[in-house]
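Enquirer: Please take these sequences and the hints and turn them into a complete structure.
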Amino acid sequence: MEPPRSKQIDSEPLVFLITGTRKGIGKYLVEHYSGQGHQVVGCSRRQATFESESYRHFCLDVSDEAAVQQMFAEISSQHGRLDVLINNAGIASMNHALLMPTKTAREIFETNFLGTFLMCREAARLMRKHGYGRIINFATVATPLKLEGEAVYAASKAAVINFTQIIAREFAEFGITANVVAPTPIQTDLIKSVPEDKLIELLKRQAIKRPGELRDVSNVIDFFIRPESDFITGQVLFLGGV
Amino acid sequence: MKPKGDFSLSNHERILGAVYRAVDELNKQLPKGVLVEKSLATPLYGKSGKLESIDVVTLIMEVEDQVRDEFGASITIADDRAMSQENSPFLTIQTLTDYVSELLKENGAAA
Numbered sequence: 003m004e005p006p007r008s009k010q011i012d013s014e015p016l017v018f019l020i021t022g023t024r025k026g027i028g029k030y031l032v033e034h035y036s037g038q039g040h041q042v043v044g045c046s047r048r049q050a051t052f053e054s055e056s057y058r059h060f061c062l063d064v065s066d067e068a069a070v071q072q073m074f075a076e077i078s079s080q081h082g083r084l085d086v087l088i089n090n091a092g093i094a095s096m097n098h099a100l101l102m103p104t105k106t107a108r109e110i111f112e113t114n115f116l117g118t119f120l121m122c123r124e125a126a127r128l129m130r131k132h133g134y135g136r137i138i139n140f141a142t143v144a145t146p147l148k149l150e151g152e153a154v155y156a157a158s159k160a161a162v163i164n165f166t167q168i169i170a171r172e173f174a175e176f177g178i179t180a181n182v183v184a185p186t187p188i189q190t191d192l193i194k195s196v197p198e199d200k201l202i203e204l205l206k207r208q209a210i211k212r213p214g215e216l217r218d219v220s221n222v223i224d225f226f227i228r229p230e231s232d233f234i235t236g237q238v239l240f241l242g243g244v
Numbered sequence: 007m008k009p010k011g012d013f014s015l016s017n018h019e020r021i022l023g024a025v026y027r028a029v030d031e032l033n034k035q036l037p038k039g040v041l042v043e044k045s046l047a048t049p050l051y052g053k054s055g056k057l058e059s060i061d062v063v064t065l066i067m068e069v070e071d072q073v074r075d076e077f078g079a080s081i082t083i084a085d086d087r088a089m090s091q092e093n094s095p096f097l098t099i100q101t102l103t104d105y106v107s108e109l110l111k112e113n114g115a116a117a
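So the sequences go chain by chain: A and B.
Counting from 3, one number per residue, gives the positions in the first sequence under our numbering.
Counting from 7, one number per residue, gives the positions in the second sequence under our numbering.
Hints listed in this document are in silico derivations from the structure and should not be mistaken for laboratory results.
Owing to the predicted nature of the structure, the values given are computational and were not obtained by experimental measurement.
Quick reminder that beta carbons are idealized off the backbone N, C-alpha and C, glycines included.
Among the hints, a few may not be true.
[Claimed, not checked] Keeping only pairs whose Cα atoms sit at most 27 Å apart, straight-line, the calculated DSSO-like set for lysine-lysine is: (1) Lys44(B) / Lys131(A); (2) Lys38(B) / Lys56(B); (3) Lys131(A) / Lys56(B); (4) Lys211(A) / Lys131(A).
[Claimed, not checked] Below, a sample of chain B positions facing chain A; criterion: calculated Cβ distance under 10 Å: (5) Ile60; (6) Val62; (7) Val63; (8) Thr64; (9) Glu70; (10) Asp71; (11) Arg74; (12) Ser80.
Expert: Shown next as structure tokens:
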């Protein structure tokens, strides 16, 4: 007997929620998907630096439960559905573990892990009503490469990986897939404080020794969200051959 | 969130109505032949309940959604307290309704 297949919705515009859209990868993804005719909702702690008819921005902290729930209530009333969640929002702070302030460590976990958890929970509750959803979480090559100076950041992303692998199983029943894209360093604000020699050292450890580009990230996400990827879940894709 | 409930009813009736609407939603998702009856004595989860654990998860989410629509209040049913109670709130529709009523009182949404 054929197992039930996810809804094929490639012909109609999808509703996306992308976190951390004010700049960097998030802003690029908004342009990428709204440019394809999809409806995109985004959020960041501050106002967006751009406007578009197919884009709506929420100012919030991804770890603020009440604000996140309010945003989902508005997505539900405006669109009645959510097809794709991209948890791009993330912060990093490079420091030796012996010197890492507790406050900074907590903030990294709250944004990177707790924010991802909250978004996934609320998104899946909306997605399950249509028996369809794609969740893409962000990790980092710093986790498998065990980069010194990135202990807390890499650990927060290791938590995201394990969390995604488990929700992939818990959400499968509802037609929702959950996967992870783990980029190499890309020229964004996230790595602006990482010294040049560290970045060169890192590139040497990749199979393909070039810096990551924005299109490398959207290429992976495009793959995870295409209708034919309905049998792909709980996977982690490290860029650059890490 | 604005409540959309029928204010001519008592709070108990409104809560029970929300729980029964959640049961209707759950029933649409259950396999053929399995149906949760809308009665206070209906067993949900436990020795005499016939629901799988994933069905209870669905029911709890539906009840939380229906209560939010009815009262405009956000409640979390499956919290540590519910899980550690000697008499589980998930035994019957009656115990679930009582627990929702307790949560709403604490929340200040229903006296």
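Enquirer: Now look at each hint and say whether the structure bears it out.
Expert: Okay, the hints, checked on the actual structure:
At most 27 Å may separate the alpha-carbon atoms for a hinted pair to count; Lys44(B) and Lys131(A) meet this at roughly 22 Å. Taking the CA atoms of Lys38(B) and Lys56(B), the gap is near 13 Å; set against the 27 Å cutoff, the hint holds. The hinted pair formed by Lys131(A) and Lys56(B) meets the criterion: a straight-line CA distance of about 23 Å does not exceed 27 Å. Proximity of Lys211(A) to Lys131(A) is assessed by CA-CA distance (about 44 Å); at most 27 Å being required, the pair is judged violated.
The closest approach between the C-beta of Ile60(B) and any C-beta of chain A is roughly 6 Å, which is under the 10 Å cut-off, so the hint is satisfied. Look at Val62(B): its Cβ only gets to about 13 Å from chain A, farther than 10 Å, so that hint breaks. Given hint, Val63(B) at the interface with chain A, holds; its Cβ is 9 Å from that chain's nearest Cβ, closer than 10 Å. The beta carbon of Thr64(B) comes within 8 Å of a beta carbon in chain A, closer than 10 Å, and the hint placing it at the interface holds.
Given the 10 Å rule on beta carbons, the hint for Glu70(B) holds: about 9 Å separates it from the nearest Cβ of chain A. With a cut of 10 Å, the hint placing Asp71(B) at the interface with chain A holds, because the nearest CB-to-CB distance is about 8 Å. Annotation: interface hint on Arg74(B) holds; nearest CB of chain A at approximately 8 Å, less than 10 Å. A hinted interface residue such as Ser80(B) counts as satisfied when its beta carbon comes closer than 10 Å to some beta carbon of chain A; here the least separation is about 6 Å, so the hint holds.
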